[in-house]
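Sequences listed follow chains A and B, in order.
For the first sequence, the working numbering assigns the number 1 to the initial residue and increments by one for each residue that follows.
For the second sequence, the working numbering assigns the number 1 to the initial residue and increments by one for each residue that follows.
Treat the hints as calculated values from the structure; they're not laboratory data.
Idealized CB from N, CA, C, for every residue including glycine.
Treat the hints loosely; a few may be bogus.
Cut-off 35 Å, straight-line C-alpha distance, at most; resulting in silico cross-link-like pairs (DSBU-like, lysine-lysine) [to be verified]:
hint: 1; chain 1: A; residue 1: Lys29; chain 2: B; residue 2: Lys70
hint: 2; chain 1: A; residue 1: Lys44; chain 2: A; residue 2: Lys29
hint: 3; chain 1: A; residue 1: Lys29; chain 2: B; residue 2: Lys60
hint: 4; chain 1: A; residue 1: Lys35; chain 2: B; residue 2: Lys122
hint: 5; chain 1: A; residue 1: Lys29; chain 2: B; residue 2: Lys122
hint: 6; chain 1: A; residue 1: Lys7; chain 2: A; residue 2: Lys123
hint: 7; chain 1: B; residue 1: Lys158; chain 2: B; residue 2: Lys142
hint: 8; chain 1: B; residue 1: Lys60; chain 2: A; residue 2: Lys44
hint: 9; chain 1: B; residue 1: Lys10; chain 2: B; residue 2: Lys60
hint: 10; chain 1: A; residue 1: Lys35; chain 2: B; residue 2: Lys158
hint: 11; chain 1: B; residue 1: Lys70; chain 2: B; residue 2: Lys158
hint: 12; chain 1: B; residue 1: Lys70; chain 2: B; residue 2: Lys142
hint: 13; chain 1: B; residue 1: Lys21; chain 2: A; residue 2: Lys7
hint: 14; chain 1: A; residue 1: Lys7; chain 2: B; residue 2: Lys10
hint: 15; chain 1: A; residue 1: Lys29; chain 2: A; residue 2: Lys123
hint: 16; chain 1: B; residue 1: Lys70; chain 2: A; residue 2: Lys123
hint: 17; chain 1: B; residue 1: Lys158; chain 2: A; residue 2: Lys44
hint: 18; chain 1: A; residue 1: Lys44; chain 2: B; residue 2: Lys10
hint: 19; chain 1: B; residue 1: Lys60; chain 2: B; residue 2: Lys158
hint: 20; chain 1: A; residue 1: Lys44; chain 2: B; residue 2: Lys122
hint: 21; chain 1: A; residue 1: Lys123; chain 2: A; residue 2: Lys44
hint: 22; chain 1: B; residue 1: Lys122; chain 2: A; residue 2: Lys123
A short list of chain A residues far from chain B (calculated; beta carbon distances all over 10 Å) [unchecked claim]:
hint: 23; residue: Asp65
hint: 24; residue: Ala78
hint: 25; residue: Glu96
hint: 26; residue: Phe135
Residues per chain, in single letters:
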Amino acid sequence: MVDSSLKNVSILVVDDTTLMQQLIHDVLKRLGFQKVVVVNSGRKAIELVAQHSFDFIITDWRMDDMTGIDLIRYVRTAPQSRNPHIPIIMLTGNSEVRDVIEARDVGVNEYMIKPFSAEQLVKRIRSVIEHPRRFVEAANYNGPDRRRVLQFPLKGAERRKRRA
Amino acid sequence: MILQQEDNVKIFEPDHGLHVKIGGTSLDQVLPPEAVEAAQAVIQESADQFLAESFTEMDKLEAAFGNWRKAAGADGLTAIVRTAFAVKTAAGVGGYDLVAALAKSLHLYCERSLEVGAPPLKASILEWHVSSLRTLLTARIKGMGGAAGEAVMAEVEKLCGPTTA
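Extracted from the complex, chain A is given alone in its bound form (with noise of 0.2 Å):
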């Protein structure tokens, strides 16, 4: 029997401030997640993900000693990535259009902005989750299809708006 529920769902928080690892792991233990593993830097995190089988990432962009982008960048791309498919999500202050492009365009699969509401993160995690998107591997780009395509048809009204 299948065990219904986010208890095994496996967690890695990359962030290099104390005070929002500590809310970020709070949050997650509140929503049901019980495997979560926190880490202040990007190389802790490139040391874990050599070792361990994580669900999916949590990572902030500014940190010392390498950035999230360089992390997401290492994950998806380094041959010794142990799962360059693992879903990402990028949790951070930066909120200008271009690190979104960014950060799309090194294979983040979600994005938030800091501050967040638990219902933000839980819209995330449930994209990840139900919908997740194609992967795509190429010569100048590996991460999930930056295509987001419709993963449900539409029904009566809203198919007929958005013919119209």
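We have chain A already, so just place chain B on it with the hints.
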């Protein structure tokens, strides 16, 4: 499993492993609204800690600004950008939106000055930001500070450029 492969491009089927791991059901089935409310309460309860963090980062910002004034240079400016960004994040999580908006204006103003062809930085604008941030934090003005706060930010944007993308 590979769906498509051509011209050195591989397209893999979506991985539904995580969905299977939660029982193949919708997230709502395993994540009740009460859990989301409890998680949101954690964020709200952390507001005081983030206010304290804002003051810590504010101290660092003032020190960075002082150092930059002594010897203006890219390194000093980077320290201002980093600490302004930290103030923005901490204040934002704490619910001090006006402080966060002003800190964002400061770090964007500094970052833009590093772009090729950008006009030179005005020390007076930096100084105004730093002193205003301290004033707002000390006054513990939550949210955007109403119409007055919105008006201040409109003026700041005229002076320093947009703070929203």
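Hints and how they fare:
1. A:Lys29 with B:Lys70: Violated. A:Lys29 to B:Lys70 sits at ~46 Å, over the 35 Å cutoff.
2. A:Lys44 with A:Lys29: holds (21 Å)
3. A:Lys29 with B:Lys60: Status holds; Cα separation ~32 Å.
4. A:Lys35 with B:Lys122: violated (49 Å)
5. A:Lys29 with B:Lys122: violated (46 Å)
6. A:Lys7 with A:Lys123: holds (18 Å)
7. B:Lys158 with B:Lys142: Holds - the C-alpha atoms of B:Lys142 and B:Lys158 are around 23 Å apart, at most 35 Å.
8. B:Lys60 with A:Lys44: holds (26 Å)
9. B:Lys10 with B:Lys60: Violated, at about 48 Å.
10. A:Lys35 with B:Lys158: violated (47 Å)
11. B:Lys70 with B:Lys158: holds (28 Å)
12. B:Lys70 with B:Lys142: holds (33 Å)
13. B:Lys21 with A:Lys7: With Cα atoms ~10 Å apart, B:Lys21 and A:Lys7 stay inside 35 Å; holds.
14. A:Lys7 with B:Lys10: Holds, at about 33 Å.
15. A:Lys29 with A:Lys123: holds (16 Å)
16. B:Lys70 with A:Lys123: Judged against 35 Å, a Cα distance of about 47 Å means the pair is violated.
17. B:Lys158 with A:Lys44: violated (42 Å)
18. A:Lys44 with B:Lys10: Between A:Lys44 and B:Lys10 the Cα gap is close to 30 Å, so the pair holds against 35 Å.
19. B:Lys60 with B:Lys158: Distance of about 27 Å is within 35 Å: holds.
20. A:Lys44 with B:Lys122: violated (39 Å)
21. A:Lys123 with A:Lys44: holds (27 Å)
22. B:Lys122 with A:Lys123: Answer violated: B:Lys122 to A:Lys123 is near 42 Å, above 35 Å.
23. Asp65: holds (14 Å)
24. Ala78: A:Ala78 clear of chain B: closest Cβ-Cβ about 17 Å, beyond 10 Å.
25. Glu96: violated (5 Å)
26. Phe135: violated (4 Å)
This entry does not satisfy hints 1, 4, 5, 9, 10, 16, 17, 20, 22, 25 and 26, going by the numbered hints stated previously.
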